[in-house]
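Chains as they are written, first to last, in the working numbering: chain A, 7 to 430; chain B, 7 to 430; chain C, 7 to 430.
Just so you know, the hints here were simulated from the structure itself, not pulled from any lab data.
Be aware that one or more of the hints could be misleading.
[Stated by the list, open to error] Every beta carbon over 10 angstroms from chain A, so not counted as near; a handful from chain B, in silico: (1) E78; (2) S90; (3) W169; (4) G249; (5) L275; (6) F320; (7) A358; (8) F382; (9) G383; (10) I390; (11) R395; (12) K403.
[Said to hold, decoys possible] Each pair of labels, with its calculated beta carbon distance range: (13) L387(B) - Q400(A): 22 to 32 angstroms; (14) A358(C) - G75(A): 57 to 67 angstroms; (15) F324(C) - L203(B): 48 to 58 angstroms; (16) G88(A) - G174(C): 29 to 39 angstroms; (17) S397(A) - G383(C): 22 to 32 angstroms; (18) L203(B) - E143(C): 53 to 63 angstroms.
Here a beta-carbon is modelled for each residue, glycine too, at the ideal position from N, C-alpha and C.
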Amino acid sequence: MDQALFTANNVWMLVATVLVFVMHLGFSALEAGFVRRKNTVNILFKNAMIIAIGLLTYFICGFNLMYPGMNEGGFFGFAGFGASMPIDNLAAYAEGNFAVYADGGYTYWTDFIFQAMFAATAATIVSGAVAERIKLEAFLLFSTIFVAISYPITGMWKWGAGWLDAAGFYDFAGSTLVHAVGGSAALAAVIILGPRLGKYQSNGSIKPIPGHSMPLAAIGVFLLWFGWYGFNGGSVLSADPVGVSLVFVTTSLAAAAGAVAAFITSYSLFKSHDLSMVLNGILGGLVGITAGADVMTPMNAIIIGGIAGVIIPFSVVFFDRIKIDDPVGATSVHLACGIWGTLAVGIFGSKAGLEQLWIQFYGALAVCLFSFAFAFGLMYLLKITIGIRVSEEQEHKGLDVAEHDMNAYTDVAGDKTSYQLSVK
Amino acid sequence: MDQALFTANNVWMLVATVLVFVMHLGFSALEAGFVRRKNTVNILFKNAMIIAIGLLTYFICGFNLMYPGMNEGGFFGFAGFGASMPIDNLAAYAEGNFAVYADGGYTYWTDFIFQAMFAATAATIVSGAVAERIKLEAFLLFSTIFVAISYPITGMWKWGAGWLDAAGFYDFAGSTLVHAVGGSAALAAVIILGPRLGKYQSNGSIKPIPGHSMPLAAIGVFLLWFGWYGFNGGSVLSADPVGVSLVFVTTSLAAAAGAVAAFITSYSLFKSHDLSMVLNGILGGLVGITAGADVMTPMNAIIIGGIAGVIIPFSVVFFDRIKIDDPVGATSVHLACGIWGTLAVGIFGSKAGLEQLWIQFYGALAVCLFSFAFAFGLMYLLKITIGIRVSEEQEHKGLDVAEHDMNAYTDVAGDKTSYQLSVK
Amino acid sequence: MDQALFTANNVWMLVATVLVFVMHLGFSALEAGFVRRKNTVNILFKNAMIIAIGLLTYFICGFNLMYPGMNEGGFFGFAGFGASMPIDNLAAYAEGNFAVYADGGYTYWTDFIFQAMFAATAATIVSGAVAERIKLEAFLLFSTIFVAISYPITGMWKWGAGWLDAAGFYDFAGSTLVHAVGGSAALAAVIILGPRLGKYQSNGSIKPIPGHSMPLAAIGVFLLWFGWYGFNGGSVLSADPVGVSLVFVTTSLAAAAGAVAAFITSYSLFKSHDLSMVLNGILGGLVGITAGADVMTPMNAIIIGGIAGVIIPFSVVFFDRIKIDDPVGATSVHLACGIWGTLAVGIFGSKAGLEQLWIQFYGALAVCLFSFAFAFGLMYLLKITIGIRVSEEQEHKGLDVAEHDMNAYTDVAGDKTSYQLSVK
């Protein structure tokens with residue numbers, strides 16, 4: 007490969023990295039919009055900390071757990087703490103020999119930072135599901151350990167040349183490895199944590215707890231869609247023009263089909279135009295196409311995204327019926343549509359086939375079970391040690407005041423910041 | 007062309023695509039900020055659906071209406087439903103023969119997705135003008151048909167090598183083909199729809215109906231400016247360094263001049279610092295430079311953008327005086343400044359000349375008339391069939407509750423979501 | 007250099023330009039979130055005008071003051087008004103001779119527009135610190151003159167091959183030349199302007215004046231981080247894969263470490279989880295790494311960002327104790343962490359050394375003193391001529407109504423826009 011092509015590839019991978027970064031703002035805005043006013047500072051605080059923690063832990067151990075580079079077909083490997091550009095890489099670059107780089111497409115540091123941005127998204131998915139009642143410290147500890155250890159281990163199974171890769175499992179950009187992983191952890195966490203106070207009432211009725219700002223939620227979804235062009239487009243791992251442009255088309259059409267299908271389905275079910283369903287339909291379509299964005303035709307993408315859009319309202323109702331209280335619908339979007347997208351690779355597109363479908367099925371199952379078990383055990387451990395749930399009084403008062411001594415908006419009486427109180 | 011240059015070109019075109027995508031978030035935020043609280047969910051819903059509908063219809067028929075590829079100098083052509091990478095393209099790519107690609111600059115899929123993002127913007131322009139009183143279904147049908155049929159037909163006249171292209175009409179990135187098209191449709195729709203209740207009172211006074219959130223509006227305008235670097239920069243249709251960088255400069259300076267000119271003009275007229283005028287001045291400058299961003303000097307760009315900034319306040323007053331009730335100023339920004347920008351190509355820059363000015367004039371006129379007539383006829387048809395306007399009661403109550411059973415913010419009493427009510 | 011590599015470099019520089027542009031939206035949202043509701047329109051208005059003014063003045067004289075191209079080792083130079091592509095450049099490009107371009111990496115126009123985006127950020131830094139009590143006209147005049155004259159002069163000292171460059175001063179992307187410059191001007195302006203009414207009470211207590219929207223502030227910080235990938239990544243001045251990817255890693259890790267360190271430090275000091283401290287910790291980490299983002303290891307970056315995160319809460323308390331009323335913490339983020347980052351180049355990384363530390367120290371000192379003196383003199387001049395502070399009545403009422411006849415949100419009674427009032 008010549009220097010110019012290498013440079014163009016690397017530019018694209020860095021642009022994709024920046025786009026994946028923006029997804030953290032997307033998640034922050036979406037989750038903030040879908041929680042109540044009184045828990046807004048809290049969810050913003052968590053999201054700001056998660057991206058920070060995710061990047062640092064990925065540097066400390068995640069990257070070398072996920073890409074141990076010595077473990078073909080294995081279940082676990084570790085290449086040591088920290089990350090540093092191999093001397094070979096620099097020497098090769100100096101000599102104009104780019105073949106030493108992964109896939110010939112980008113530098114070691116580009117590889118690291120692109121993957122690091124991915125890692126943090128998995129933890130962010132959990133934050134929405136457990137919002138409005140989890141203790142801040144418990145959540146931060148949970149995220150740190152999950153993103154540092156569990157996410158890279160299952161990631162290695164496929165992307166780090168582990169046993170699922172050897173078995174032929176296909177997950178282009180992470181319907182399973184990122185989204186279903188985050189969704190499984192969210193489900194486990196919600197089961198242990200329990201629903202918000204008053205959500206499921208003793209007479210069997212389900213109390214609607216609407217989010218406090220639809221503009222914030224809509225901004226979040228648009229930014230997630232925006233960032234997804236880096237998430238999927240960057241997963242080509244080069245700037246290959248045919249590959250990346252096809253992925254742009256399939257990603258766009260799946261999101262669009264998800265919106266339209268969720269609109270029609272939710273209107274049929276509820277006889278109203280529910281914005282949150284359309285927004286989650288977009289996300290469902292995006293999660294659904296993620297496993298096979300590079301092996302589908304545009305028509306395939308429309309069907310896959312459309313089915314994801316149909317799944318969303320049914321899944322939201324289902325999780326509510328079994329009393330899984332998920333304020334933002336993270337389990338429906340990331341777990342349900344993540345599994346759907348993974349299976350779809352065996353049904354549509356150039357990889358379709360019964361054998362592939364079977365591999366997709368047990369691969370997704372194995373990853374979800376591991377993630378669920380890890381998250382369940384970890385959350386349980388936190389529950390019996392430091393405690394994971396705020397007091398009833400704190401929950402009623404809202405986490406912003408209870409945990410942060412702040413309000414998100416100052417038109418609510420009694421605003422202050424903790425620093426300013428201390429100084430006074 | 008070698009592979010590296012082709013790849014660099016394609017990377018730029020995909021980045022530009024992503025930037026144009028963000029314009030949809032920009033429009034959503036701008037329009038949400040400029041409507042009343044009670045219609046916020048409704049406008050967000052429309053904007054989320056329009057991008058979805060726009061992408062799908064462009065795939066189904068729009069792309070092949072706009073680029074029929076067989077109709078040099080014509081008025082209409084159609085290359086069939088759907089879109090698929092020509093076999094020739096893949097074969098050529100495999101052989102390293104990039105000459106087969108349009109302008110040698112990008113793949114078939116890149117071409118499709120970049121153009122698809124453009125198409126949806128035209129429909130979005132309409133949504134702001136008809137906000138706060140149009141029926142949701144009527145609007146969605148209108149947008150679908152307009153973006154699927156009308157937009158690509160007039161687009162073909164110039165960009166699809168049709169009769170205006172043959173005549174020498176110049177519209178670099180769409181002052182006419184996108185902005186004046188959307189603005190003409192908006193004008194037609196508003197004429198049929200009528201003003202919001204109470205806007206123009208029986209005693210002749212005009213009631214101010216301010217938007218509910220200036221931060222949302224400002225975020226929207228900044229994101230539109232951001233996306234415009236892809237809209238204009240991508241219209242170079244390659245990553246040509248001299249071309250794209252000049253377009254960046256002219257686009258930036260025109261927006262800046264629009265802001266300053268609108269500030270001075272509106273201060274002179276109204277003796278106050280009106281934020282909405284400055285925001286629309288920025289957009290006016292951007293629309294104004296769009297037709298000739300690649301053929302102007304920086305000084306030309308400042309003059310063109312500055313004149314657009316002067317046009318904005320006068321145009322807003324003018325449309326209000328003739329009782330065209332346009333809550334976001336879409337007709338002023340997109341129609342008035344779109345026509346101005348198209349004419350400016352005949353007055354400034356390397357294409358200037360009397361003959362060119364004449365072509366610019368009748369080209370813009372023809373496109374606007376077609377778009378206006380199409381939109382007028384379509385909206386009239388919808389009016390006499392399904393009806394286009396909500397009831398007075400619904401308009402008073404607000405479309406969020408009337409059409410969506412939701413409120414945009416939960417500090418307003420009585421919030422619920424339709425899904426959650428159904429479950430309960 | 008061949009055409010493909012030149013094109014790839016130029017694409018990256020333009021993408022970086024777009025990212026730096028987004029920082030203006032980031033500043034707007036951050037500052038809007040940190041001021042009171044009643045001053046929201048005002049701060050949005052200022053930020054929209056600053057980017058416009060910054061771009062125009064940089065075209066008129068800033069660019070040629072900063073890069074006089076004839077003044078090696080000097081203190082001042084000027085290459086004339088306006089900016090236009092040298093004929094040599096175009097001829098060289100036509101011949102495929104890219105060596106004539108600055109660093110061989112991008113066109114003249116790319117150079118101009120990237121630098122122009124930088125220039126406007128320095129003025130934006132000031133707007134947050136003087137928010138809620140400065141007169142609009144005074145602020146606009148101040149910004150215009152500061153960004154047109156003072157910023158480019160100190161910028162030339164290093165980046166325009168002036169005396170600090172000759173002395174070996176190192177400031178990769180502007181910890182001093184952008185951030186400390188803006189912070190110094192902010193400090194000078196605040197000293198002359200005085201604190202907001204009621205902030206420092208006669209009994210010695212400090213009244214907390216919390217910002218009105220934490221979601222806006224959080225969106226602002228995420229967007230600033232997003233844009234910083236262009237700010238630092240573009241300062242490589244080419245798409246050099248090793249260079250840019252390392253800068254991405256150091257920038258990311260410094261921001262992350264800043265968040266974590268500010269979290270721990272502020273929790274230790276105030277026993278609460280203060281979101282504004284974490285957000286400013288992120289910004290502090292980013293400002294801190296900016297001077298040496300290309301010469302640090304990832305571990306260095308974590309330490310530098312972490313120390314910046316520790317500095318933030320102490321600095322905020324310090325400035326409050328000495329009655330410097332800075333509503334958004336701009337002096338702490340940009341001045342304190344800007345100086346820290348500049349010094350850090352002498353302590354960590356490949357440039358470390360006592361001599362370098364000394365150069366870093368007096369370089370930062372010289373630039374800050376010049377900027378402070380210029381801003382102080384200019385603000386004083388404005389004070390004794392047109393006046394810089396609104397009346398007490400206007401300050402109580404809020405600048406939105408006093409200066410703009412508007413409210414930022416319409417759920418507050420009495421909304422109107424000046425245009426609409428005039429028409430009525």
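Hint-by-hint comparison with the structure:
1. E78: holds, 26 angstroms
2. S90: violated, 7 angstroms
3. W169: Its Cβ never comes within 10 angstroms of chain A, the nearest being 30 angstroms, so this holds.
4. G249: holds, 18 angstroms
5. L275: holds, 31 angstroms
6. F320: holds, 31 angstroms
7. A358: At about 36 angstroms from chain A, A358(B) clears the 10 angstroms cut-off, so the statement holds.
8. F382: Given a closest Cβ separation of 26 angstroms, the condition holds.
9. G383: holds, 25 angstroms
10. I390: holds, 24 angstroms
11. R395: R395(B) clear of chain A: closest Cβ-Cβ about 17 angstroms, beyond 10 angstroms.
12. K403: For K403(B), whose nearest Cβ neighbour in chain A is about 14 angstroms away, the distance exceeds 10 angstroms, so it holds.
13. L387(B) - Q400(A): 22 to 32 angstroms: violated, 57 angstroms
14. A358(C) - G75(A): 57 to 67 angstroms: violated, 31 angstroms
15. F324(C) - L203(B): 48 to 58 angstroms: holds, 56 angstroms
16. G88(A) - G174(C): 29 to 39 angstroms: holds, 31 angstroms
17. S397(A) - G383(C): 22 to 32 angstroms: Since S397(A) and G383(C) have Cβ atoms about 57 angstroms apart, the given range 22 to 32 angstroms is violated.
18. L203(B) - E143(C): 53 to 63 angstroms: violated, 39 angstroms
Hints 2, 13, 14, 17 and 18 from the list above are not met by this structure, while the remaining hints are.
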